[in-house]
Amino acid sequence: MKIRPEPTTVALRPASQVMRLARMGSAHQSRLSFMRSLLRSLKRENWRFDRPVWSMDSNGVGHAVYRAIGPRRTYSLVAFAHDLPDHMRSDRVIATAWDATFALFDGTPTQDDINRLSQNVPKQEAGRISDRELSLSRANRSVRLWSHVVERLSRGDQPDEDQIEAVGYLMRTTAVYGSGKFGAADRAVLAGRTIMGAPFHAEMLAVWLIRSFSVDLVEHMAQIKGGERAVRIDPALRHRLGIGNSTGLGMAPFLVNHPALLNAWMTARETAIARVRALPNATQEAQEVFRRRLSRAQENVTGWHSEHPVQIPKLKALRTDLDLLATHVESGALDQADPWNTLIGWSDTALSMEGQEQLASLILEPYGDLVDDLVPTMATDETACFRIDGTMTVATLRALLKRDYAWALQIDHVPAERCARFWYVSEEKLEPRLGQRHEEPGAEMEEPLDTSRAVCTLDAALDAEDGATLVADFLLRHPEFRHTVRRIQIAATRPYSEIRENLIDAGMLPIDMLRCKLAFFGASRFDPRSDRWVRICLYRNAPFPGDLANAPEDDWA
Amino acid sequence: MPVVTLAEIDATARKAARGCGCPWGLAEEAGKSARWLASHGLPGAETLAALLQGREGCCVGTGKPCALALGAALADRATEIGNAPVTTEEIDTPMLILAQIGRTADALDRGFTLEWEGGDAIVTRNSLTIKGHATTSAVTCAETVNIGGGTPPSPAARPVGDTEWAALVSFSHRILVPATETSRAGAGAGTQDND
Chain A
772 MKIRPEPTTV
782 ALRPASQVMR
792 LARMGSAHQS
802 RLSFMRSLLR
812 SLKRENWRFD
822 RPVWSMDSNG
832 VGHAVYRAIG
842 PRRTYSLVAF
852 AHDLPDHMRS
862 DRVIATAWDA
872 TFALFDGTPT
882 QDDINRLSQN
892 VPKQEAGRIS
902 DRELSLSRAN
912 RSVRLWSHVV
922 ERLSRGDQPD
932 EDQIEAVGYL
942 MRTTAVYGSG
952 KFGAADRAVL
962 AGRTIMGAPF
972 HAEMLAVWLI
982 RSFSVDLVEH
992 MAQIKGGERA
1002 VRIDPALRHR
1012 LGIGNSTGLG
1022 MAPFLVNHPA
1032 LLNAWMTARE
1042 TAIARVRALP
1052 NATQEAQEVF
1062 RRRLSRAQEN
1072 VTGWHSEHPV
1082 QIPKLKALRT
1092 DLDLLATHVE
1102 SGALDQADPW
1112 NTLIGWSDTA
1122 LSMEGQEQLA
1132 SLILEPYGDL
1142 VDDLVPTMAT
1152 DETACFRIDG
1162 TMTVATLRAL
1172 LKRDYAWALQ
1182 IDHVPAERCA
1192 RFWYVSEEKL
1202 EPRLGQRHEE
1212 PGAEMEEPLD
1222 TSRAVCTLDA
1232 ALDAEDGATL
1242 VADFLLRHPE
1252 FRHTVRRIQI
1262 AATRPYSEIR
1272 ENLIDAGMLP
1282 IDMLRCKLAF
1292 FGASRFDPRS
1302 DRWVRICLYR
1312 NAPFPGDLAN
1322 APEDDWA
Chain B
130 MPVVTLAEID
140 ATARKAARGC
150 GCPWGLAEEA
160 GKSARWLASH
170 GLPGAETLAA
180 LLQGREGCCV
190 GTGKPCALAL
200 GAALADRATE
210 IGNAPVTTEE
220 IDTPMLILAQ
230 IGRTADALDR
240 GFTLEWEGGD
250 AIVTRNSLTI
260 KGHATTSAVT
270 CAETVNIGGG
280 TPPSPAARPV
290 GDTEWAALVS
300 FSHRILVPAT
310 ETSRAGAGAG
320 TQDND
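Line by line, the protein sequences are chains A and B. The opening residue of the first sequence carries number 772 in the working numbering; numbering runs sequentially from there. The opening residue of the second sequence carries number 130 in the working numbering; numbering runs sequentially from there.
Derived by calculation from the structure, the hints in this document are not laboratory data. Keep in mind it's a predicted model, so treat the numbers as computed, not measured. Backbone N, C-alpha and C define an ideal beta-carbon position, used for all residues, glycine too. Accuracy of the hints is not assured; some may be wrong.
[As the list claims (entries may be wrong)] Label pairs and their calculated CB-CB ranges: (1) A/Glu1101 - B/Glu310: 52 to 58 Å; (2) A/Thr879 - B/Val132: 50 to 56 Å; (3) A/Val1185 - B/Pro307: 24 to 30 Å; (4) B/Glu310 - A/Asp1244: 45 to 51 Å.
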């Protein structure tokens, strides 16, 4: 790997600015998002794709296999299509049946593998897969668009563009499990692999292939219905279909439970932004790429709708922001010296946070050569930083706490609304949930996501200690602080490891945590359905597997 | 015997230890230690289940730290072991000390030897050489040159003892909170999904 000197002229944006939920909740996809880095890698390595199995009956029930064949390995999506009554269709994690279920297989499955998976994958959490599988997932149809597309194609007509635009996908995934869950291969199985070693690339590959399956199945149903009259979907329309996803609270604790990984992702993005900001000028070519991607962002926000009271004003502001930005750029903003740094500085006061973060992602677009090499840094060995250094003195620990957690020490957690929530795992579905501390039972089972409050408690305990005491001795007497001490030692060299908010506050919005993570996946069109539940679109406008080789590289998002 | 992944051993052991009263930070060590042992073909889940069986609440405050607490304390000061070997008091489960020091060897890229009654081991980064059997014993830990050459860990899923796994799962369920109508309503979209 090339070692590139980091720019000295532009500092990374500080954690105090970046690690706030309002900003994380305004995150946008970028060149570094996992979907985009995955498709870049698949294209560069000339991966081939086929569908060796398609066994589907006239009700659309059956199974199919989609393969991604690379220079060293092959991965196969094994898809099962079911006949789901409408009354059972639910995106909630408590659902027990779905329109389609999937596993991503490590290699090419034999008939025995498919038989084994057919007994387990349709049951999802209630079944069991093996470490020959890398992910387990399921999807439901968008009933409205599905019926429309089947109807039109079966009559020999193309679906209505506006309807495709309004929904954006034929199916939405409602869970994509990986990393050793329900028997799937542990992360360590993938760690050394070139493409699948990157965070969430296995899950993103599964979702990309599910998108192909959703189109194949809708065409199959139209064919059954219309017979010879039926047509396939126009490739130009097909291209605009992404794959939906519906995500709830279950994903939120991830960013808190993986501080070193969160730091790696944020550091990569902030480093990329700083590198571009340090450029002394923007060539005409770079300006042209930026203008095209800005125009695409404007088009995207036009079709991005939400009925959620938090998102409605944010979308309105973003539309205005992008118009302002376009005008500013047309007036020659990129022709001056230090164009990107000046533009970011301008945005600090001229744009809303949605617009600021959209711009921060957009300025990376012309500079793949400068920033794409950061992708490998987004995987991190979490075991290496898990160890506590017990030979550190209490005085040093206290100093680190006061330096890195000053934000937490400013919070008074005593008022009821400052500790209104508690995070727990539900008995019903073994899923993370958020309870009302003062109204619901179970707070004694609280998960350690109350970081700011725990830091304040530790701070008080450390004040009672002799500064020369070793952390190991302190923790032997006070093991209840071990979790928080570990976080502080991790944060000491990883400035972006903590979300700098009170995560048990009455006003905390879990959708902000979801959005940050989903933007790193590459999601778009965030549509919150409540304060803890969001629908998104993935791979909208992305090439389909068969088109990847001839599509321009990474020019779709 | 159920076949489980390292991630499942880690998560279940962590929750089980917490369910048995270990503070979160020590419960996290329990999860990683069970995982480390299993990855080296040793009975990680089973060893932890044996430790947690029959105990009420955390060892801290009883005046007799358990193998988890002792192992953590030893590992926290592992960089000092090079100056002089350290011997623990007698403990039921030397395997948990081994796991903690093994993880330390991985993290610091150093080598350690451990000796207990009936066995000994050398751990270096991603490598373990072990002889003999585990029994109630004091454990002596010393630093050694990092020569490697032992058996590397395997990331594969593996079978675990039926009763021990069932015990861990049952302990882990102690930290689950029963659903209420409020919590169910709050977690979801609040809209139907036939759109």
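* Starting from the range 24 to 30 Å, see whether the pair valine 1185 of chain A and proline 307 of chain B falls in it by beta-carbon distance. => holds (28 Å)
* Asked: Per the hint of 50 to 56 Å, is the separation of the Cβ atoms of threonine 879 of chain A and valine 132 of chain B within bounds?
  -> Cβ of threonine 879 of chain A to Cβ of valine 132 of chain B: about 22 Å, so the range 50 to 56 Å is violated.
* To do: Go ahead and decide if the range 52 to 58 Å is satisfied by the Cβ distance of glutamate 1101 of chain A to glutamate 310 of chain B.
  => Distance hint for glutamate 1101 of chain A, glutamate 310 of chain B holds at roughly 55 Å.
* Between glutamate 310 of chain B and aspartate 1244 of chain A, does the C-beta distance stay in 45 to 51 Å? -> holds (47 Å)
This entry does not satisfy hint 2, going by the numbered hints stated previously; all others are met.
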